[in-house]
Structures are given as structure tokens and as C-alpha cells.
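With these hints in hand, go ahead and build the complete structure from the sequences.
Read top to bottom, the protein sequences are chains A and B.
Heads up, the first sequence is in the numbering used here, so the first residue is 21 and it goes up one at a time.
Heads up, the second sequence is in the numbering used here, so the first residue is 21 and it goes up one at a time.
Careful, some of the hints might be misleading.
No copy labels: a pair is met if it fits in one copy or bridges any two.
Unchecked claim - Keeping only pairs whose Cα atoms sit at most 16 Å apart, straight-line, the calculated EDC-like set for lysine to aspartate or glutamate is:
#1 K141 / D175
#2 K141 / D233
#3 K169 / E94
#4 K169 / D78
#5 K141 / E112
#6 K169 / D233
#7 K141 / D131
#8 K141 / D195
#9 K141 / E213
FYI, nobody ran anything at the bench for these hints, they're computed from the structure.
Protein chains: 2
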Amino acid sequence: MTTVGRTRRPGISGPAETLPILIAMESMQVGAGTSTRRAARADNARVVADVIRQSIVDGAYPTGLPLEDELAREFRVSRNTVRVALSSLRAEGWIDRTPRLGTTVAQRPVDHRLDCLRGLKETLVGYGEVRNAVRIATVLVPPPVVARKLELAVDEQVVYLERIRQLDGETISLDLTYLVSDIGIPLLDADLETNDVFPLIEQVAGCALGDADLSLSAAAADAHSAVDLDVAAGSPVLLLERLTRLADGRPVDLEYIRMRADRITMRGNVSRIHESENR
Amino acid sequence: MTTVGRTRRPGISGPAETLPILIAMESMQVGAGTSTRRAARADNARVVADVIRQSIVDGAYPTGLPLEDELAREFRVSRNTVRVALSSLRAEGWIDRTPRLGTTVAQRPVDHRLDCLRGLKETLVGYGEVRNAVRIATVLVPPPVVARKLELAVDEQVVYLERIRQLDGETISLDLTYLVSDIGIPLLDADLETNDVFPLIEQVAGCALGDADLSLSAAAADAHSAVDLDVAAGSPVLLLERLTRLADGRPVDLEYIRMRADRITMRGNVSRIHESENR
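Shown next, in the form of C-alpha cells:
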């Protein structure tokens, strides 16, 4: 069996023993040196950081994180391991640590749905006020790939929008949008500052949207986009390409969206589909 | 209307004019100085880079990218703007540029589905051979949050796995997995190196998986995880928490997965659900 760095414990198939994380991990490194112990601590700290990070996303800790001692007990690791985990989370911008106030959540990201097609304002009902700073709203001939995805002739024009989207005054995403012209041109007269594009498209088209293809990736913000998103260059962003169709299947809206990773989490629920059903 | 950096063109509702991207954008900056022109070029370069990046993900350019001149014509921008776009894409690791060979795709990421529940090996059928380097496979008492999500008593034990997952020998993700013990313990004797956990769970449980809750974010790889993922520290990763249930609704598998952003793109299709239907 291929192993990386450490040896897998031989098959444990008998009754389970009580093995707190740190002991379980250290038991694999009998006689190991300092660098191995450091690696084990980094492994444990990652386990701790992953669970705490997700708890922040889930909305735990509204009044701040427990003390280091308490976290050490909860996670069954040393206080040093907790410190390593918390300093990672601070470096990632999830928590603030101050002598008097202890450890508090810097900012909880908002949930965007992966399993239904909604605009940002529709999604963030109850979270706060969504406003869009419209940087560009114009008519242009798009690149051939964009024309192809929108099923347009090569020289057909589209409406191009560039919007910085804010929740309660804080930037959360930068959206580059290509709209087919029969729908996009009327939208240039609409209030793009307070509306999502989706309901505006439905108004203009006189019918509901159907579905969208999503392609989601992670990226480090380039220097230019970082300024627009009000983050440090290199900060993590979610990169979403979304091709949206009307109910009749016609593609009308192609977007390239950069979402601040500290402000938006994508949530979804998926069902098991067996290979046999899928073919 | 709030604008950021530049002024929105007043409503264009008449017949569309032919406005190539660069001209359209530059027309908004009449009389602007060098720094504004630089910002316009950066905007244009981002438009170009976003479309090319997605084309790479979509599998365009199997034999390499077109020449700079050709891209400049396609995107209706200057060659300088194309150069800025290509140097961003090179910095992000998407393309290689060599004097003789021109511009080639460094590596095309594989597609992982967002709209059905599949293991990595099930997903990557046809892409190559998936193997898992099992770093840790043990029994432990999980943190209380993990116990709660798996609907276990606070001191109940779970099986904990740490696996580095590789496609044709290249690392693509690092998976930290908590399994309820009645399912996890038999798995410790299974071949975890060549199998996904999902079909193994179904074998042991004697029934199919049902669904999973996903929470997806972007992150910069911490130094320790970067080594495990074989990337530079700070490289973008997709961070996925996935809680998987059996068909009867019992949660059995909680995972924290780091996927290399240059190796995996998440794809899905979503349908419009109207607020009224959803309440």
C-alpha cells in the first residue's frame, strides 16, 4: 500500500478503542523525531481549523469562540495545537484575536444556493440590502466563444454589464455579464442598481427563466480584481461561470462572477444517482 | 446612481451600435489620463482572461492557443491587452508560453459534478486512474461538532481517514473523512487505496446512499496543506464540507475536502425555483 509520510496502522477490525485524535496520530509515530511531531501537530491543527472554520460558516460562535483550554478539551488536542489552528484561521481572516475580547468571528459569509437558480438579492433576502455599483453598461460585439455559448451569430451584439455587488455597503462580488440584445437593451433603462438581473430578464422576456449551467472554481484574486473586490491581492475567490436559459431553453445570459470567499459560501444538497440510472 | 471608478454611459435604448470591447470601454474615458487607460486595459484583459480561462476548462485549445494577433482580432482588443491577459493566465498556472511552441494549456482541470452525489473515482471514469494514498486510518473520538453532525453521542467513536487522492499519479485532493463506526470499522479492512468510500459504504450498509449537504468555499492553501497537495503555499483550493446520508436519512460520512483549483472544476445545472414555490 502506498503511504505518504507515515505508515497506515494495520487493519483495526476488532472493537474500537478510545483514541483521542492526538494520541491516535502520535501512536503512528513511535520513536519519530521533532519534524514528524511537528507534522503531526500540523495535521491535528488542520483537523481543528477545518471544523472551526465550518462552524463559523454554519453560524456557531455568535458571541465569540471558546477559550483555548476549552477548545483543547473539546478537540482532545494540546493547547499548542489549538493555537496553531487559531493562528491559521486568523491568517485566513476568519477570526480576530484581542487580549480583552478573546477570539471573535471576523465575519460570517452568507449562503448562496447551489441547487436552485437565484439572483444575489433573491438569495440574500433577510441578510441585508444588496446594491450594485454599475461600472459598465454598454453594447458590444462579444468574443466568439461568448457568441457561441449564447447561440448568436459571430458579429451579433450583446449588452455587457460590469457590476460590483455589495451587501450592506460591503463588496461581495464582481459580475461580468453578457446579455442577448433583445433582452439586454431594455435592461439598460432599468434600475440595475437595486435589482438582480434575473427578475428583470423575466419581466422583459415575459416568461420565467428555466435553468443554468454552472462551472465553479477557486482562484487567487489578481491585483486588479483585488482592488475592485476590496481585498488583498491573492485573496481566495470563487469563480463562477453561469449560462442561464429561458424556460424555452434559449440561452440569454452568460456571466463570469468573482465572489469573495470570506463573504460567500455556496450551499447545496445532492442526491445519489447510480451510474446505471445515469446512462 | 453609484458608480465605481468610472461613469456609466447614459441609457442606450436605441438601436445598438457596433462597439468593439476596447472602443466601448475607452469611449467611457474620454480625456482620461494614463492611469485610467491602464485601468481600462486591465478591465479588458480581465474580460479576455475570463473567457480564455473558461475555454481551457471547457477543453478548447487541445493543440494550443491561437497567436496573440489572432486573439486580439477575436476579442477586438489590442495585442498589449492580450499580452496582459495571457500573463495573468500564466501566473495562475493555466498556460505555458515558450518561444517555439507558442502558448499551450498547462493542464486542463477535470469536472466534478455538483448535481449528483458521486465519489471521485466514479466521477473520473475515463479521465484516468484514481489512487488514494492513505495517510491515516484510525478510530477516534471526534470533536463535538462532528459528533453532532453525525448524530452521535458526544463520546461515541468514529473512524477517521486522511487520504491524498491522485489521478494518474498527480495529486488532486486531500480528504479528511469521519465515518460512523458501524460502517467505518469494516472499511478499515477494505481496499481504500483503489476504491471510493461511497460504494464501500453502500456495500457495508447493504443499502444505497441517499443525499448529501454540500458547503463549498474557496481558500488559499496553508503551508502544510500545500505540501500535501504538491502546490505552492497560498495556491487556490476548493474547500468542500460534505455530510452524506444513507437512503434512510441517517448521516454516516462527514468530509472536509481540499481540491486543487487547477485540477478540479465543479459543474452543475440548476433550475429556477420561484420564491412563491419555495415557501
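Checklist entry - Quick one: K141 to D233, C-alpha cut-off 16 Å, is that within a copy, between copies, both, or neither? => result So K141 and D233 fail the 16 Å test inside a copy (20 Å) and across (23 Å) alike.
Item to check | Identical-chain pair category, K141 with E213, by Cα at 16 Å | outcome: within (11 Å within a copy, 45 Å between copies)
Checklist entry - At most 16 Å between C-alpha atoms: does K169 with D233 qualify within a copy, between copies, both, or neither? => result This pair counts as within: shortest intra-copy Cα distance 11 Å, inter-copy 30 Å.
Checklist entry - Between K141 and D175, at a C-alpha cutoff of 16 Å, which is it: within one copy, between copies, both, or neither? => result neither (33 Å within a copy, 42 Å between copies)
Checklist entry - Given a CA cutoff of 16 Å, do K169 and D78 count as a within-copy pair, a between-copy pair, both, or neither? => result between (36 Å within a copy, 11 Å between copies)
Next on the checklist: Please sort K169 with E94 into within, between, both or neither, judging by C-alpha distance up to 16 Å.
Outcome noted: between (51 Å within a copy, 15 Å between copies)
Checklist entry - Between the shortest in-copy and the shortest cross-copy C-alpha distance, which are at most 16 Å for K141 and D131: within, between, both, or neither? => result Classified as within; 12 Å inside a copy, 29 Å across copies.
Checklist entry - Between copies, within a copy, both or neither: which fits K141 and E112 at Cα up to 16 Å? => result Neither. Shortest intra-copy (27 Å) and inter-copy (31 Å) distances fail the 16 Å Cα cut-off.
Checklist entry - Between the shortest in-copy and the shortest cross-copy C-alpha distance, which are at most 16 Å for K141 and D195: within, between, both, or neither? => result Close inside one copy (13 Å), not across copies (33 Å); limit 16 Å.
Hints 1, 2, 5 from the earlier list are contradicted by this structure; the remaining hints agree with it.
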